Amino acid sequence: MSLSLPHGFLTSTIGKKYLMGLAGAVWAGFVLSHMAGNLLMFISADAYNSYGHALTSGNIIYAIELILVGTLISHVFLAISLTRQNRAARTSGYAVSPRGEKVARFGSKTMGVQGSIVLVFIISHLITFKYGTYYETTVNGVVMRDLYRLMVEVFQQPGYVFWYLVCLVLLGVHLSHGVGSVFQSFGLMNGRYQPIFRKLSLAYAVIVALGFIAQPIYIYFVASLG
Amino acid sequence: MSELTKKINLILKVWRQKGPKDVGSFKEYEAKGVSTDASFLEMLDAVNEELISKGDDPIAFDHDCREGICGSCGFMIDGEAHGPQKSTTVCQLHMRAFKEGDVLTLEPWRASAFPIIKDLMADRSAMDRIIMAGGYISANTGGARDANSILISKNDADQAFNAATCIGCGACVASCKNAAAMLFTAAKVSHLALLPQGQIERKTRAERMVAQMDAEGFGACTSTGSCSASCPKDISLVNIAQMNREFLKAKVFKEDQVDVGGGF
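Top to bottom, those sequences are chains C and A. Quick note: the first sequence uses the numbering used here, first residue 1, plus one each step. Quick note: the second sequence uses the numbering used here, first residue 1, plus one each step.
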């Protein structure tokens, strides 16, 4: 018996789904940790900045970034490839649309659109913050980047807050279908787990989206006043 | 005729297409005085009788057993595979599900892998080729064995039987926005993977059937659940998870081909 991924895995519909799900799962994990880490802003600006400093000081960040960029690119390319295949499989629709559970839910039907907007958001988000204005601050004698100041500046602009709200809601919708579907694609779903995974998926999406949304809202309405 | 029987009048918008190369379009027909005790196909038979008597071409549709077990019939009624009633093939759908004056749109299964033969008939031989690729078991001939000599757990037998109720009608493909044949293929893979008789080809079955499914031009699964909701036999999405497991196992733990020699 040999352990290998033989020819045909990557080109098959199911193989693509496994990889797309894997890449999606990496990002689902990332957004949860990103959201949780950012909650430090509710404690203090110093705690928030120190967390950011700790994350970016070692070399491990490069490995993590490499994994994130790699999985994001593969997720996007697999999505494009599968969507093209799916469209080719059904070139003409029906004159009348079905109703009830026979129709694909909005969340599952618009994964591509949500994903595309979230991708644009990720890039713009990196430009705004990672490559944004570099302020400095000193926490306990250590000089570090003052990301908190940049964040407060950005989220005082209603346009930014609105754009973040829209994108984070879309991220939530994307996760609500995606997280549960990973279990299905990986073959981990069975009759007993099915309802649990669906609820878990929804809870995951709501926690991530609300956790993130709380941050610009808090800055806009509360922190910026001080 | 029971007291509850009513006569209703309907308008049918039927997809008419002379052949695979024809463009096709909708044509309107009146179905008058339809007994609510009639099946949907019996209603179409009556419409066709009238068309024939007028010298028109009758509406072509697939059908065979007309008792919901053969998988021959099926078309879309108002965008729903086999019509509005759950767990029902169109031959077992009765006109009491409709009311006076209803306007119904009838369309064939639409999928690139299902070319339209004529009117409401789609060529579903792609599904036969998926079965030929791996939906079988090896059976030795010889003296008949006692049917109960192979032990199967009640749970496995029940699950396998649930999967085996798939009649291969193609409603799952027709309902899926990606025209995926995942539910059909998965039902066959699960059915045989759960039973002792299916173990001999188990390691190659999912791999071969999925390869054929992809080659036929069916789409991928996006877990919308439309297939299962439209299935006249309520085949569960869980079978797709089982097929994905079987597929991964087959691909990752592929057995080395044993060289049996043969030369001198």
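Think of the hints as simulated: they come from the structure by calculation, not from any bench. Note that the structure is predicted; figures quoted are calculated from it, not measured. C-beta atoms are modelled at their ideal positions from N, C-alpha and C, and glycine is treated no differently. Just to be clear, a hint being listed does not mean it is correct.
What the hints assert, rightly or not - Okay, the calculated beta carbon distance ranges per label pair:
id, chain 1, residue 1, chain 2, residue 2, range
1, A, 255, C, 109, 35 to 45 Å
2, A, 25, C, 76, 38 to 48 Å
3, A, 46, C, 193, 28 to 38 Å
4, C, 109, A, 22, 47 to 57 Å
Taking the hints in turn, this is what the structure says about them:
{"no.": "1", "hint": "A/255 / C/109: 35 to 45 Å", "result": "holds, 40 Å"}
{"no.": "2", "hint": "A/25 / C/76: 38 to 48 Å", "result": "holds, 39 Å"}
{"no.": "3", "hint": "A/46 / C/193: 28 to 38 Å", "result": "violated, 48 Å"}
{"no.": "4", "hint": "C/109 / A/22: 47 to 57 Å", "result": "violated, 31 Å"}
Of the numbered hints listed earlier, those contradicted by the structure are 3, 4.
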